[in-house]
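Based on the hints, put chain W in the right spot on chain Z.
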Amino acid sequence: MSARGQRQGSGFGAPQIILTLSIAILVIVVAVPVLLILFNAFWADGVFNIRDVARVLTEPDTYQALLNSVIIACGTTAGSTIIGTFFAWLVTRTDLPWKRFMKGMFLVPFMLPSFIGALAWKMLLSPRAGYINRFFMDTLGLEEPIFNIYSYAGIVAVECMYLFPFVFIQVCGALERMDPTLEESARISGAGLFTITSRITIPLVMPSILSGALLIMLYSMAHFGTVAVLGIENGIFNIPTLIYERIHQSGGSFDSIRTGTVLASVLVVSAAFIIWLQNRILGKGRYQIIAGKSFRPMELKLRGLRMPLLVICIAYIAFTIVLPTTVIFLVGGLKTYGLAFTLENLSLDNYKFILFDHKLTRDAIFNSVTLGLSAALITMFAGVMISYVIVKMKTRGKGILEFLGMLPFSVPGSVIALGVILAWSGKFGINLYNTVWIILVAYIARYMAFSLKANSAALEQVHDSLMEAARACGASMWQTLRDIVLPLVRPGMLAAFFLIFLPSLRELTVSIMLYSPTTRTIGVAIYTLNEDGETVISAALAGVALILIITGQSLINRFTQSSSSSKG
Amino acid sequence: MFRKGLILLLTACFIFGFAAQTFAAEKLIIYTSMKESLIGELSASFKKKNPDISVDYQSAGAGKLMAKIAAEREAGMILADVIWTSEVPDFYNMKDEGMLIEYISPVTKETINPFTDFDGSFTAARLGTLGIAYNTKIIKKAPEQWSDLLNPEYKGAFGIANPSLSGTSYMSIALLVNKFGWEFIEKISANKGKIGKGSGQVVDDTASGELVASLAVDYITNDKIKKGASLALVYPPEILVVPSPVAIIKDTRSLNAAKKWVDFLLSVEAQTIIANEGTLPVRSDVPLPAQFKLPAPEDAIKRSIPVNYVELMAQKENIVKKFTAIMQKK
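Line by line, the protein sequences are chains Z and W. For what it's worth, numbering that gives the first Met the number 0 labels the leading residue of the first sequence as 0, then goes sequentially. For what it's worth, numbering that gives the first Met the number 0 labels the leading residue of the second sequence as 0, then goes sequentially.
Hints listed in this document are in silico derivations from the structure and should not be mistaken for laboratory results. Glycine included, C-beta positions come from ideal geometry on N, C-alpha and C. Any given hint could turn out to be false.
Unchecked claim - A short list of chain Z residues far from chain W (calculated; beta carbon distances all over 10 Å):
#, residue
1, THR57
2, GLY140
3, GLY172
4, ARG257
5, ALA270
6, LEU276
7, ARG302
8, ILE320
9, TYR336
10, LEU338
11, LEU347
12, LYS393
13, TYR432
14, THR534
As the list claims (entries may be wrong) - List time: in silico BS3-like cross-link candidates among lysine-lysine, alpha-carbon distance up to 27 Å:
#, chain 1, residue 1, chain 2, residue 2
15, Z, LYS351, W, LYS193
16, Z, LYS351, W, LYS225
17, Z, LYS358, W, LYS178
What the hints assert, rightly or not - Facing chain W, a subset of chain Z residues (Cβ under 7 Å, in silico):
#, residue
18, ALA30
19, ARG127
20, ALA128
21, SER515
22, PRO516
23, ASP531
Extracted from the complex, chain Z is given alone in its bound form (with noise of 0.2 Å):
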């Protein structure tokens, strides 16, 4: 039995086998997609056109939205890479009260959805209506608004709020693995602070301040629901938010598609160069912190300073998720929009009404939960089939599926959604086109990217020496991986399941593209009533979505840390 495994690349045994299928998988899910979004953007009527591309990108719409997208990424890169840094630096290398509680409350950002934030924010600060607007032109007579949320600075604004996190999480990582010793030994030979800071602990976290500076780059460029919420109305549109109204408002002629396509490969190739960017800056970056905890890193005393900086913890985090966070609730209690929120306008009417008798609210809760969890399944088990072959086998064949491998990461979710529609509306013999299968098919390929990072961690960790002494005691392949392999990576599995699930459940990019009147999503759900002046509902709708995303966090994060597993 063992003899017939181990005769590897010279038969067509079980390896040949797992590999066919991983490159299989990811061949159809993924690149095939993108294939058919290069080709259709480059040929046309079965030639390569490069001029007719240039036309699409140089008509005024076009051309607006994707300088709208630089400039909104751009902004909102620097503001979050400033935000984060300062924060994580706060909490720490400083002796700022409560650093473990902010700690974690700078984190919550991540895990509230931005395209709800956004709703949030319009209510707050939209420029007659908004109640922070309202309540300063109210009090202090002022004649016009204070902050208009509909315009570039306000896109922005709300994106950093959302998307600091990524550099936060990064940084900290960083400033907390770093040495210390040299800081002290700056110290000792009589550096002063700025010049151990802007000497030594800058250069340091250089690194990860620049990857997590690239990933709200890629992110934002790529961002739908932000955009889609505040821009729309007053022309500001960016790639994504173009891409959707094109094809929305075509019922998909081939023209607008072409438009799409064309836009969606300038996301494709910034895209996978920003992923190529990110990969130098952390190649060269690695060696240099020297992950030795031998001691604490010193703290920085602020003296006079802490306690105004505490406050401005506080009220930042009060000012970003508390307040938003209590409107959406609020809101979502009024009998109507514009009411006062006042004790006979409030009432847990509307929250019933969409658990229990709104048909278009139930069913979308029920796909988003029934989508995410078959995505999370199938994902997940693929996601170790195709980690186990690119870190653990030695295989003929394996560099395509090193190379396709990367591919999910780079895709982003509206090129995803593009893609899936030109591969799967009958084209090549399948229509799945306005069925709930081809959004499930978008979400596999959209997070396959999180369960292969959550599985190659996971089974890096599982020494080699293990599956050869199996191997070696006449257990034969599959036996080993049962045994052997999947006991010992089922965290990284498990971790792989949630990292998809939860962010599924308010997934919009992918599923605004791709619904029907049968399978809407939440966040679709969500988007669409307030499109349709819903407001109150679709804010009670974003009020339980909060609720089940931060529960299903919170009961992860116990879980995680019971088990004290690698969380990929």
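Relative to the frame of chain Z, chain W by itself:
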């Protein structure tokens, strides 16, 4: 192993869950753009009268429904038996493509029929009206004419739903242009009028004070007034009337049930439910609720701006483009 079994079982459940949605037993399936409160009550009342027919409905925007129908048609089978939306041009399209069954309900003669070229392919089951919704906290004197919207108190705060998102909004813009010419739209744009999103959102924005007034659909506004919003709906002398036709799809497997549904929809009982939602019935023998200041149906038809739907269909893209260009001052 137990856990794996459980997971498999769960997966199977989901798959069958989806499947059950797709392969439902024989029943009447209605695609409609009517709000759920309306279609829900109507279908409950229909079920009570016809316990042997099970009714399922999908409520969504007309554009989404037509895209779904187009996809289903391509796949070889339209799931819907009945379609009921407010996008009249779609019905002319479907009629031209031979997708509809001609059915002249015996009840039709009791109703008000706004279609001069009526042949039974589709029958008006509701008369949507559009007027001006305004925020009563901000605007103290109700507007009386469309031209009142050009006054300074509406500056920068009169909204029209995006015609590329809302079919009703498209129709009403086309009607206004028909009657008052493009100058009217240009004047509104000069008064810094705004393009909103959906036809519901402009009303909610009016209720919140983000806009002071908007071009508003009757039942959406009346529903919010009923819930206590500080809104009022008024009709200038020229009313915009947009009928909502109901039609039976040719491939239907439940023709009998579909016919019964059309008959029911035109009956006094169903039309009373429709009137109570704050929109106009197609029958004059149905009492209009006093709380909504709706015009009588014949009166509304008389005051309505006449329209040629076939022409409207052909011009859609141009009108939407021109309107957007004027409003965004491109």
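Hints, verified against the model:
No Cβ of chain W approaches the Cβ of Z/THR57 within 10 Å, the least distance being about 16 Å, so the stated non-interface status holds. For Z/GLY140, the requirement that its beta carbon stay farther than 10 Å from each beta carbon of chain W is met, with the minimum near 16 Å. No Cβ of chain W comes within 10 Å of the Cβ of Z/GLY172; the nearest lies about 33 Å off, and the non-interface call holds. With a least beta-carbon separation of about 17 Å from chain W, Z/ARG257 lies farther than 10 Å from that chain, consistent with its non-interface assignment.
Distance to chain W confirms Z/ALA270 as a non-interface residue, since its nearest Cβ pair spans about 29 Å, more than 10 Å. Listed as a non-interface residue, Z/LEU276 keeps its Cβ farther than 10 Å from every Cβ of chain W; the least gap is roughly 37 Å. For Z/ARG302, the non-interface assignment is confirmed: its Cβ lies about 47 Å from the closest Cβ of chain W, beyond the 10 Å cut-off. Listed as outside the interface, Z/ILE320 is consistent with that label: its C-beta sits roughly 24 Å from the nearest C-beta of chain W, beyond the 10 Å cut-off.
The beta carbon of Z/TYR336 is not kept farther than 10 Å from every beta carbon of chain W, the shortest such distance being approximately 5 Å. Non-interface status of Z/LEU338 relative to chain W is broken: a Cβ of that chain comes within 10 Å, the nearest being about 6 Å off. Every CB of chain W lies more than 10 Å from the CB of Z/LEU347, the least distance being 15 Å, so the non-interface label holds. Annotated as non-interface, Z/LYS393 keeps its C-beta farther than 10 Å from every C-beta of chain W; the closest such distance is 28 Å.
Not every Cβ of chain W is farther than 10 Å from the Cβ of Z/TYR432; the closest lies at roughly 5 Å, contradicting the non-interface assignment. Consistency note on Z/THR534: stated as away from chain W, yet its beta-carbon is not over 10 Å from all of that chain's, at 5 Å minimum. Proposed proximity of Z/LYS351 and W/LYS193 is contradicted: the alpha carbons are some 35 Å apart, above 27 Å. Pair hint Z/LYS351 plus W/LYS225 holds up; C-alpha atoms about 19 Å apart against a cutoff of 27 Å.
At roughly 40 Å between alpha-carbon atoms, Z/LYS358 and W/LYS178 are farther apart than 27 Å, so this suggested pair is violated. The beta carbon of Z/ALA30 is not positioned within 7 Å of any beta carbon in chain W (closest approach about 25 Å), and the interface hint is therefore violated. Nearest Cβ of chain W to the Cβ of Z/ARG127: about 5 Å, under the 7 Å cut. The hint holds. A hinted interface residue such as Z/ALA128 counts as satisfied when its beta carbon comes closer than 7 Å to some beta carbon of chain W; here the least separation is about 4 Å, so the hint holds.
With a cut of 7 Å, the hint placing Z/SER515 at the interface with chain W holds, because the nearest CB-to-CB distance is about 5 Å. Taking 7 Å as the C-beta contact cut-off toward chain W, the hint placing Z/PRO516 at the interface holds, the least distance being around 4 Å. Nearest Cβ of chain W to the Cβ of Z/ASP531: about 4 Å, under the 7 Å cut. The hint holds.
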